[in-house]
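Visitor: Chains X and E, in that order, are what the protein sequence lines are.
Residue 39 is where the first sequence ends in this note's numbering, and the numbering goes up by one at each step.
Residue 504 is where the second sequence ends in this note's numbering, and the numbering goes up by one at each step.
What the hints contain is simulated information worked out from the structure, not anything from laboratory work.
Because the structure is a prediction, the values reported are computed rather than measured.
For each residue, glycine too, the CB sits at the ideal point set by N, CA and C.
Certain hints may be false.
[What the hints assert, rightly or not] With the Cβ distance kept under 10 Å, some of the chain E side facing chain X (calculated, not the full set):
1) Leu21
2) Leu25
3) Met50
4) Phe82
5) Thr84
6) Ile88
7) Met90
8) Phe114
9) Phe478
10) Val481
11) Val485
12) Cys486
13) Arg489
14) Glu493
15) Phe495
[As the list claims (entries may be wrong)] Which chain E residues stay away from chain X? Per the calculated CB distances, all over 10 Å, these:
16) Gln40
17) Tyr41
18) Ala64
19) Leu123
20) Val191
21) Asp213
22) Ala227
23) Ala250
24) His373
25) Thr375
26) Thr428
27) Pro435
28) Leu441
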Amino acid sequence: MLVGDWLDTFLNLGTFAFIGFAIWLLTRTLKRPDSREDA
Amino acid sequence: MMMGSRLLLAASLTVIAAVGLWGVLDSESIVAVASAVVAQYFESRGWFVMLSVSGMLILCIVLAASRYGSVRLGADDDRPEFSTPSWIAMLFAAGMGVGLLFWAVAEPLTHFQFAKTFLPEPLAAEQALLATNFHWGIHAWAIYGATALAIAYFSFRRRTPMLVGAPVRNLYPGETWAKVFGWLSDFMAIVAIAIGVGGSIAMGVFQVADGVDVLIGGEKAGPVLVALVFAVMVAAYVPPLMVDLGQGMARLSNLAMMIAIALVAFTIILGPTQFLLNSVVSSFGQYAAHVIPRGFETFTFFDDEMSRWFSDWTLTYMVWWIAWGPFVGVFVARISRGRTIREFVLGVLVAPTLFSVVWFGSFGGIGLYDTLHGTGGLLDVTTTNVERVTFALLERLPLTGLTTIATILAAFLFIVTSVVSAAFVLGTFSSGGDPNPSPRLRLIWGALLGLLGAAMILSGSIEAVKKLIAIGALPFVFITVVLLVCLVRALREDFKEDRAHAGR
Chain X
1 MLVGDWLDTF
11 LNLGTFAFIG
21 FAIWLLTRTL
31 KRPDSREDA
Chain E
1 MMMGSRLLLA
11 ASLTVIAAVG
21 LWGVLDSESI
31 VAVASAVVAQ
41 YFESRGWFVM
51 LSVSGMLILC
61 IVLAASRYGS
71 VRLGADDDRP
81 EFSTPSWIAM
91 LFAAGMGVGL
101 LFWAVAEPLT
111 HFQFAKTFLP
121 EPLAAEQALL
131 ATNFHWGIHA
141 WAIYGATALA
151 IAYFSFRRRT
161 PMLVGAPVRN
171 LYPGETWAKV
181 FGWLSDFMAI
191 VAIAIGVGGS
201 IAMGVFQVAD
211 GVDVLIGGEK
221 AGPVLVALVF
231 AVMVAAYVPP
241 LMVDLGQGMA
251 RLSNLAMMIA
261 IALVAFTIIL
271 GPTQFLLNSV
281 VSSFGQYAAH
291 VIPRGFETFT
301 FFDDEMSRWF
311 SDWTLTYMVW
321 WIAWGPFVGV
331 FVARISRGRT
341 IREFVLGVLV
351 APTLFSVVWF
361 GSFGGIGLYD
371 TLHGTGGLLD
381 VTTTNVERVT
391 FALLERLPLT
401 GLTTIATILA
411 AFLFIVTSVV
421 SAAFVLGTFS
431 SGGDPNPSPR
441 LRLIWGALLG
451 LLGAAMILSG
461 SIEAVKKLIA
471 IGALPFVFIT
481 VVLLVCLVRA
491 LREDFKEDRA
501 HAGR
C-alpha cells in the first residue's frame, strides 16, 4: 500500500496551512500602516 | 504591567513548576511522553525544520548584502558599546556554553562510530567532522542571528519592549489574532528557555560530576556525587540573583571562554600538532563545500537507522538552537546595539562558525587520531560513558590534573552564568518586558530552573535531556518564522518611509 499515515498527513497539511498564513502576513495590506504603538 | 502579563506570569510559573514536579516525581513517564511526541513530530516535519533553518541562513545573507545591510540597530548615531573581539567572545559564550566542552570529542566520535558501519574508516572520519561542524556551524548562528535581529530591530528602532511577542503586536496592532499569538509566543518563549536551561544545568552537572570523579579516581560518578555537585551549583548561582552584578557576569563568562580557548591551544600544541592542523583545514574544506546542500539534506532515501540518526542529532540540534533563540536573541540584541545589520550578520555568523570548525577539527581530530592511529580507547569511552570523554582525552595528555580542574571550572562558570542570565531574561519576559525584573522574581525563576535541572538529572541520561529540550522547543519552529516575517515587513515599511521623507 502506498497510503500514508493519517496523522502524518494531517500534521503536514497543518504545516502547509501555516506557510500560507506566513505568506499572507508578509504580503497583505494593512489598514493602518502608520500605526506604531505597541498593544 | 501590560494587560495579560499577570496571567502570563501565573501561567508560566504554574506550567514550569508542574513540568518540573512531574519530572522529579516520575521521570520515566515524562521521558516516554516526550520521546513519543518528538518522534511523531520529527518524522513528519523534518522537511519543514530544515527548510526554515536554511531559510534563516539565506535571509541573514540577503539582508547583509542588500540595502538593508546599512540599517543600524539603534538610533542612527548610536555606536557599538563593546569592542568587536569582546563582542564576539560574549556571543560565543552565550550561544554555545557548556555543550561545547561536553561534545568536543564525544560528538565526532559518536558519528564516526555510526558512519563506519557503512563507510570505510577515512570517509567515516570525514563525515563525522562534517556532521559535527554542520550541527555547530553557521546554521545555528543564523537561527540566533535572525531571532536576535528581529528582537533588536523592534526594540531599538520601534521601541517595543524586549519580548518575543512584541513584533507581532507592534506590526498588527489591535488585531485579535496578533494579541493571542503574541501572548502565546511570550508564554512559549518562557517555557522553551526554562526547559532549555534546565537541560543545560543537567548537562553541566553530569560533566562536572564526572570531572570530579576523575580527580578522585572513580569509575563513574555516582548519585551522591551528582547530588553534591548539583547542590554546590545551586548555592553558587543564588547569590548573584539577589544582587545586581552588572558586568561581573560578562567577565565570568569571558573567563570560561578564555579557558576553552586555552584548552584547544593546549591540545593542538601538545597533541599530534601536524595531524590536528591538517584535520582543521580538511574539515573546513569539507564544510565549506557542503554547507548549503547539507542544510536541505533530510536523508529520505536511507534506511530507518539513518532516519533515527538524523532526527536524534541533526533535527534535535536545529530545534535546540531554535529553542535557545529567544534567550540568546535577547542577550545578543542587548550587546549589539549600535551595529549595522551588515556588521551584525558578519560578526554573528562568521566568527563563531570559524571557531567551531577549529574547536571540533582539533578535539574531534585528536579523538579520531586516537581511533585510527592510537589505542582506540576514546571510542570505547564514547560508547560506554559519554560524559567522560573530554576527561578521558585530557588523561591522555600531560598536566592532566591542571587541565581537568580548568575544564571543571569552565563548565561550572558556563552553567552559573547562563542560569543567572536566564533567570534575568525569564524575569523580563514574565513581567511584560521590564528590563530590570525584581530580585524576588529572579529568585523564583532561579528556583524553578533548579527544579527543572533536578528533573532532567533524574531522567538519568543525556538522550532523555535532549528529548525534553526538543519538546519545549517545538512551537518555536513556527513562532520564529512569524518573527522573521515581521522583521522583513518592518524593514520594508521603514525603508519606504525614510525614502518618502528624503524625497520631501
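Visitor: Are the hints correct? Go through all of them and say.
Guide: Verification of the hints:
1. Interface hint at leucine 21/E: violated, since its Cβ lies 29 Å from the closest Cβ of chain X, which is beyond the 10 Å cut-off.
2. Annotation: leucine 25/E was flagged as interfacial toward chain X, and the flag is violated, the nearest CB pair being 29 Å apart, outside 10 Å.
3. Evaluation of the methionine 50/E hint against chain X yields a violated restraint, the C-beta minimum of about 12 Å exceeding 10 Å.
4. This hint is violated: phenylalanine 82/E has a C-beta 28 Å from the nearest C-beta of chain X, more than the 10 Å allowed.
5. With 10 Å as the threshold, the beta carbon of threonine 84/E stays out of range of chain X, its nearest partner Cβ sitting at about 32 Å, so the hint is violated.
6. The criterion of a C-beta within 10 Å of any C-beta in chain X is not met by isoleucine 88/E, whose closest approach is roughly 32 Å, and the hint is violated.
7. For the restraint placing methionine 90/E at the interface with chain X, the shortest Cβ-Cβ distance is roughly 28 Å, beyond the 10 Å limit, so the hint is violated.
8. Below 10 Å, beta-carbon pairs count as interface contacts, and phenylalanine 114/E has none with chain X, the closest being about 26 Å; its hint is therefore violated.
9. About 6 Å separates the beta-carbon of phenylalanine 478/E from the nearest beta-carbon of chain X, less than 10 Å, and the hint is met.
10. For valine 481/E, the suggested interface contact is upheld, since its CB lies about 6 Å from the closest CB of chain X, less than 10 Å.
11. At about 5 Å, the closest approach between the beta carbon of valine 485/E and any beta carbon in chain X falls short of 10 Å, and the interface hint on this residue holds.
12. A cut of 10 Å between beta carbons decides the hint on cysteine 486/E: the least distance to chain X is about 8 Å, and the hint holds.
13. Hint on arginine 489/E holds. Least Cβ distance to chain X is approximately 6 Å, under the 10 Å limit.
14. Because the smallest distance between the Cβ of glutamate 493/E and any Cβ of chain X comes to about 6 Å, under 10 Å, the interface hint for this residue holds.
15. Look at phenylalanine 495/E: its Cβ only gets to about 13 Å from chain X, farther than 10 Å, so that hint breaks.
16. Against the 10 Å criterion, glutamine 40/E falls within the reach of chain X, whose nearest CB is about 7 Å from its own CB.
17. The beta carbon of tyrosine 41/E is not kept farther than 10 Å from every beta carbon of chain X, the shortest such distance being approximately 8 Å.
18. No Cβ of chain X approaches the Cβ of alanine 64/E within 10 Å, the least distance being about 20 Å, so the stated non-interface status holds.
19. The claim that leucine 123/E lies off the interface holds: its Cβ sits roughly 33 Å from the closest Cβ of chain X, which is beyond the 10 Å cut-off.
20. Once the 10 Å rule is applied to beta carbons, valine 191/E is consistent with being away from chain X; the minimum gap is 19 Å.
21. Residue-level check passed: aspartate 213/E sits 43 Å from the nearest beta carbon of chain X, beyond 10 Å.
22. At roughly 40 Å from the closest C-beta of chain X, the C-beta of alanine 227/E stays outside 10 Å, upholding its exclusion from the interface.
23. No Cβ of chain X approaches the Cβ of alanine 250/E within 10 Å, the least distance being about 29 Å, so the stated non-interface status holds.
24. The Cβ of histidine 373/E sits about 46 Å from the closest Cβ of chain X, beyond the 10 Å cut-off, so the non-interface label holds.
25. Every beta carbon of chain X lies more than 10 Å from that of threonine 375/E, the smallest distance being close to 46 Å; the non-interface claim holds.
26. At roughly 15 Å from the closest C-beta of chain X, the C-beta of threonine 428/E stays outside 10 Å, upholding its exclusion from the interface.
27. At roughly 15 Å from the closest C-beta of chain X, the C-beta of proline 435/E stays outside 10 Å, upholding its exclusion from the interface.
28. For leucine 441/E, the condition that its CB be more than 10 Å from all CB atoms of chain X holds, with the nearest at approximately 21 Å.
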